[in-house]
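Participant: Modelling step: build the complete structure from the supplied sequences, incorporating the hints.
Here the protein sequences come in this chain order: A and B.
Every letter in the first sequence is one number past the one before it in the numbering used here, and letter 515, counting from 1, is 515.
Every letter in the second sequence is one number past the one before it in the numbering used here, and letter 490, counting from 1, is 490.
Heads up, a few of these hints could be off.
[Unchecked claim] Straight-line distance between alpha carbons at most 27 Å, and here's what the computed DSS-like set of lysine-lysine pairs gives: (1) B:Lys-240 - A:Lys-58; (2) A:Lys-124 - A:Lys-240; (3) A:Lys-124 - A:Lys-58; (4) B:Lys-240 - A:Lys-240; (5) A:Lys-319 - B:Lys-658; (6) A:Lys-163 - A:Lys-124; (7) B:Lys-466 - B:Lys-479; (8) A:Lys-240 - B:Lys-124; (9) A:Lys-240 - B:Lys-658.
Read the hints as simulated data drawn from the structure, not as lab findings.
As the structure is a prediction and not an experimental result, all values here were calculated from the model.
Chain residues, written in single-letter form:
There are 2 protein chains.
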Amino acid sequence: MSNPQITFRQTTFTGPSLLSARRRTISRTTIRAQLDQLRANGQYDCFKLGWHPIYDDKSRWPAPLHLFWDSDVAKWIEGACYFLADEYDVEVDAAVRELVAMIRGAQHADGYLNIHFSVVEPGKRWTNIRDMHEMYNAGHLIEAALAHTQYYRNDLLMEPIEKYIAHIRHRFGSGDGQLRAYPGHPEIELALLRFYSVTGSRDAYDLARFFLEERGNPTGQDGQHFYDWEMERRGEPRWKRPNSFPMDRSYWYCQAHAPILDQPTIEGHAVRAMYLLTAAADLLNLSRTGSPSAPAQPLAAAPDWLAALRRLWSNMVDKKMYLTGGIGAMAQWEGFGIDYFLPQGADEGGCYAETCASVGVMMLAERLLHADPELDGRYADVMELCLYNNVMTAMSLDGRAFTYENPLASCEGAPSGREDWFWCACCPPNVTRLFGSLGGYLWDYGGGGEDEAWVNVHLYTNAEVKFAAGGAEVTLSQKSNWPWEGNVQFELGGAEALETTIRLRIPAWAEGAFVLTPAAAPGTTALEGGYLRLCPAYTAAHAVFSLDVGGFAPRFVAPHPYTGQRTLGLARGPVVYCVEDADHGWEGNHFKDVGLRRGEAVREEWRSADGGGDGEGYVALRTVGWERSPEDLQSGGEGVRRELVFVPFYFRANRGGKGQMRVGLRDDGR
Amino acid sequence: MSNPQITFRQTTFTGPSLLSARRRTISRTTIRAQLDQLRANGQYDCFKLGWHPIYDDKSRWPAPLHLFWDSDVAKWIEGACYFLADEYDVEVDAAVRELVAMIRGAQHADGYLNIHFSVVEPGKRWTNIRDMHEMYNAGHLIEAALAHTQYYRNDLLMEPIEKYIAHIRHRFGSGDGQLRAYPGHPEIELALLRFYSVTGSRDAYDLARFFLEERGNPTGQDGQHFYDWEMERRGEPRWKRPNSFPMDRSYWYCQAHAPILDQPTIEGHAVRAMYLLTAAADLLNLSRTGSPSAPAQPLAAAPDWLAALRRLWSNMVDKKMYLTGGIGAMAQWEGFGIDYFLPQGADEGGCYAETCASVGVMMLAERLLHADPELDGRYADVMELCLYNNVMTAMSLDGRAFTYENPLASCEGAPSGREDWFWCACCPPNVTRLFGSLGGYLWDYGGGGEDEAWVNVHLYTNAEVKFAAGGAEVTLSQKSNWPWEGNVQFELGGAEALETTIRLRIPAWAEGAFVLTPAAAPGTTALEGGYLRLCPAYTAAHAVFSLDVGGFAPRFVAPHPYTGQRTLGLARGPVVYCVEDADHGWEGNHFKDVGLRRGEAVREEWRSADGGGDGEGYVALRTVGWERSPEDLQSGGEGVRRELVFVPFYFRANRGGKGQMRVGLRDDGR
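Facilitator: Listed below in structure tokens is the structure:
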């Protein structure tokens with residue numbers, strides 16, 4: 001099994017593109033800005049195990065504000081290591097080294113490693129596995145260690161982490177005297193499986209699999225649900241519950257209401273759900289392919305895991321995902337509402353669409369591209385949708401400000417904007433990690449028999465990948481102005497002696513419109529599962545070829561009718577658009593009164609983003625709309641005709657203004 | 001101050017009408033059916049203070065299933081006494097007498113009177129005033145006592161209730177050693193003010209006023225919010241909270257998040273809000289007019305109370321009320337969501353629209369017609385809307401089945417139907433009480449100086465009112481086939497020596513269309529605040545006159561655009577319509593796929609309701625719609641043309657079928 005956090009180093013971003021521009025900003029600005037935040041807020045020093053004033057704050061239960069600090073540091077290390085590989089930065093390098101030394105120093109003799117339960121509540125470790133995020137933090141430390149050893153080629157972080165894994169493995173599992181627990185916030189499962197695929201540690205694999213298989217067992221611990229059991233041990237009545245639980249025993253919040261294989265729909269906290277299912281996909285993937293250091297592991301229930309993953313994925317994508325790839329309508333539990341409940345903003349019933357959740361969708365989608373035996377372009381379509389919209393909108397143009405929630409419409413209580421940092425700072429370093437390993441999401445590839453090679457291209461940009469197959473070093477480069485234009489030029493190298501199959505994704509929004517040049521001889525290409533397959537006969541004849549993907553004309557997009565909404569928005573290629581008040585000085589009501597008519601002409605306009613370098617320009621869209629008050633609508637009044645400018649949703653809130661923004665406007669018919 | 005529970009006896013329903021048909025069903029069937037339920041479920045005997053198996057059930061906290069039994073019995077007694085006055089029933093009479101004897105026997109020596117804290121948790125009285133409904137139950141006992149003494153002309157129930165009021169008054173208030181508490185579920189306030197207006201008990205007035213003025217005080221009890229204070233005394237952390245609190249300290253659930261006068265919007269549990277504001281309106285009303293036995297009481301803050309009542313009423317009616325008069329989108333707290341959040345059903349985000357809440361809206365509206373110095377027909381329009389729709393839909397045609405929730409659309413998880421009874425049985429007897437005192441809602445009236453009389457007519461039906469003014473017995477009768485036809489014939493009697501002013505409501509949906517016959521001479525009538533005022537010059541000249549109200553053509557109705565919905569429904573006069581599968585055998589998806597076009601012809605059809613007697617027929621509406629699947633809508637397909645039959649929303653679920661029903665269909669434009 002490979003995953004993008006490992007394989008990204010095979011890929012080089014080779015020229016100007018929107019993706020490489022964002023990567024450059026993160027590398028040169030964001031990493032340091034986030035480091036400054038860690039230093040300013042206390043996280044940087046937390047592994048010294050001194051006291052911090054915030055530890056006195058008892059206003060939040062069960063999770064105090066600092067509970068995630070371990071993971072904030074770990075995720076920053078992980079992201080930093082990814083970018084150091086691209087572009088060395090002496091200050092970042094020094095900070096990583098110092099942080100690793102502090103982490104090593106914070107470990108207990110028995111392997112335990114956690115700030116809160118070392119400093120604030122030393123006697124209470126492992127007493128509230130549902131809420132206290134010990135395993136979540138551990139998971140991010142494991143991921144940090146894997147990134148660290150990959151870049152630094154030493155075991156300074158791997159060593160304490162292996163010890164911590166052994167500590168956890170000793171305590172939890174199905175054996176005598178072990179607790180049948182599983183983390184309230186999944187994360188360690190995918191980290192352990194990643195750890196297995198790098199190290200071959202059978203303990204890591206077994207522990208992850210135990211967590212996945214045990215989750216939601218109604219009678220796992222002494223005949224009780226584990227979370228009931230541990231709650232009773234803490235002496236808490238079931239009515240004492242976190243604010244994220246709307247009702248008592250709302251274990252669906254953390255996907256523990258039923259065993260994963262029995263869950264009919266995707267529920268609860270969206271980030272937790274994505275991390276959990278990513279691990280489940282890894283488990284399935286590991287039953288099909290191992291890695292050089294870790295053999296594949298048989299999984300008798302593999303068909304059930306595949307069915308569960310497909311079922312939950314489809315429920316999410318078909319009924320619980322916003323047009324922008326955002327998931328999670330409900331703020332209270334940062335997660336999924338009922339089917340088709342997708343209001344655009346807080347004043348319409350909710351729209352959380354957390355940044356981390358869409359990073360998680362990308363992780364899950366990428367895993368499913370391997371784990372599902374049937375290659376399905378829908379996974380990659382959704383991965384791209386998240387990337388260019390809900391994920392990319394989470395960082396400002398200058399790389400210094402971030403979002404947590406990404407609603408499709410602003411309102412008085414929640415203007416469109418970004419923040420320097422958050423008390424719960426999970427999202428900013430998740431964007432960093434994602435962009436750091438982005439090369440791993442573009443394609444996957446490998447060899448077959450002695451003389452075979454294959455590449456599945458999921459995302460288009462300017463990049464090159466190198467990999468070994470059949471004893472050769474194969475390269476495939478792509479050049480394009482994606483996501484603004486659909487022409488992609490490919491060059492295959494080093495594959496002269498190989499039978500090479502290349503699959504090129506044809507996005508669903510292209511509606512089948514594409515041109516391959518040179519044209520294929522009969523029988524040398526085929527369309528399957530959303531990909532154009534180029535057979536060895538084609539690639540042997542054409543080492544240089546190009547694909548022109550259609551669908552770059554602006555198109556009107558609307559949510560499913562069962563959402564009960566009647567709105568229209570604009571999209572172009574993979575990019576979803578919005579209107580904001582920076583272009584419309586007259587707007588004062590968050591575009592609530594503005595309608596569009598499907599079929600109205602839409603003009604394109606190339607704009608250079610202020611202050612951005614190569615790759616930061618964008619296509620704006622112009623059309624007309626009608627501003628009609630509720631009274632106009634009641635009386636049939638025509639309202640005021642308005643010239644409208646649409647900008648990419650990811651670009652919103654970079655030009656000042658009043659923070660008024662909307663993706664879906666009222667559908668005024670044709 | 002008068003209120004409809006007192007004044008209804010001045011009114012006689014004089015001929016067949018929808019209202020009198022429903023009243024007859026309740027009188028002859030429902031009262032006994034509800035008595036049978038009380039007997040079968042344990043409530044009937046509960047004041048004997050024996051043990052009942054349900055008392056062992058600890059599954060619900062804080063309110064066990066039997067916590068409201070006192071009120072169930074009390075509300076049944078109240079309703080029974082109202083109907084006994086109309087139609088004597090020996091079995092009902094005997095049951096009331098036996099229940100009153102049991103209640104008398106259940107009172108403690110110190111006046112305390114409550115089943116749960118007498119039998120189940122005798123040591124814990126008054127320790128959880130937020131949740132445990134002692135005062136709510138007390139309020140309903142007070143109302144029962146008032147109804148009982150009005151019918152029976154004895155003090156058998158008034159006597160223990162006076163003693164209980166004295167007990168409560170002693171314990172709660174602003175004096176030394178008193179607790180500054182107020183009930184979690186308002187009800188006792190309006191009961192105490194009603195008690196005051198009948199008995200002149202200053203203690204009752206002062207206690208009610210204290211509860212109203214103290215509510216939401218952030219520092220009332222020893223510097224703390226009372227509910228925080230009592231929670232600490234119980235040793236509960238703030239994280240231990242009822243399921244109805246989505247977050248800790250969700251005191252808005254019971255309108256205790258801020259003093260009433262400071263509340264900007266209407267929030268929380270809808271029934272609680274209505275009962276509370278009804279009491280606030282009574283307080284205001286009592287500052288303007290007393291009653292024969294209870295003088296008006298000065299209220300320095302009267303302008304602030306008026307402003308608060310108008311503000312909260314408008315927020316509710318303009319932004320938080322369904323087309324059917326239902327209030328409360330949110331099931332978790334049985335109450336209000338954010339502004340304009342009005343999904344039609346559980347599978348669209350919620351629609352609770354509790355029966356009791358609309359009974360409460362009617363109570364509040366009726367009070368505001370007195371308490372607001374400016375007569376405003378909007379109050380009566382909403383009162384009528386609730387009566388013919390959300391309230392009337394709560395009982396089956398046969399008077400034996402009831403609803404609690406009244407969503408505007410069914411779904412798989414919640415088919416359209418009714419139940420014989422509920423564990424929390426607040427709604428059925430509330431319908432009984434309301435219809436029992438309905439005569440009091442039709443009009444108000446009185447005398448002025450020595451030779452003046454006035455009547456404000458709010459609701460039209462077949463009825464007559466008698467009252468004393470200027471030494472004469474004035475009668476006003478109205479005859480009509482309302483709500484099916486707009487012609488109302490009036491006859492004024494006994495007013496020959498008086499200057500009589502009559503105001504006739506012109507509903508907003510009539511859009512100003514009405515004809516008065518005989519026509520008025522110039523200056524003898526005027527339109528004001530939604531009423532047509534007939535001056536003494538007119539009434540002196542015309543003791544017999546008639547009003548023809550327009551607006552009975554079927555009309556398309558739609559929710560406010562800011563609801564984010566685009567639906568169309570049908571209404572005719574005050575009646576809102578729905579479609580249900582009993583008329584549409586092809587329907588299998590709860591009419592989710594069916595659209596209407598505004599402007600399409602609508603035909604009327606008189607139907608006799610099966611099994612109903614006089615007054616149970618109704619006007620059905622026929623039009624055409626288009627069934628279009630999500631795929632049709634995507635592709636612009638025309639779909640299937642469907643003949644549609646609309647029946648009154650109140651009439652739904654009386655003819656079998658699959659329980660598929662919808663009020664608002666997709667708006668397919670014109």
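Participant: All hints, please: hold or fail.
Facilitator: Structure-based check of all given hints:
For the suggested pair Lys-240 of chain B and Lys-58 of chain A, the alpha carbons sit about 16 Å apart, so the restraint of at most 27 Å is met. For the hint pairing Lys-124 of chain A with Lys-240 of chain A, the CA-to-CA distance comes to about 18 Å; that is within 27 Å, so the pair holds. Using a Cα cut-off of 27 Å, the hinted pair Lys-124 of chain A and Lys-58 of chain A holds, with the two alpha carbons roughly 16 Å apart. Restraint check: the Cα-Cα separation between Lys-240 of chain B and Lys-240 of chain A comes to about 4 Å, which is no more than 27 Å; the hinted pair holds.
Proximity of Lys-319 of chain A to Lys-658 of chain B is assessed by CA-CA distance (about 25 Å); at most 27 Å being required, the pair is judged to hold. Of the supplied pair hints, the one linking Lys-163 of chain A and Lys-124 of chain A holds, its CA atoms being roughly 20 Å apart against a limit of 27 Å. Note on Lys-466 of chain B and Lys-479 of chain B: the hinted pairing holds, with a Cα-Cα distance of about 15 Å set against a maximum of 27 Å. A C-alpha spacing of about 21 Å is found between Lys-240 of chain A and Lys-124 of chain B, which places the hinted pair at or below 27 Å, so the restraint holds.
With a CA separation close to 40 Å, the supplied pair Lys-240 of chain A and Lys-658 of chain B exceeds the 27 Å bound.
The structure does not agree with numbered hint 9 stated previously, though it agrees with all others.
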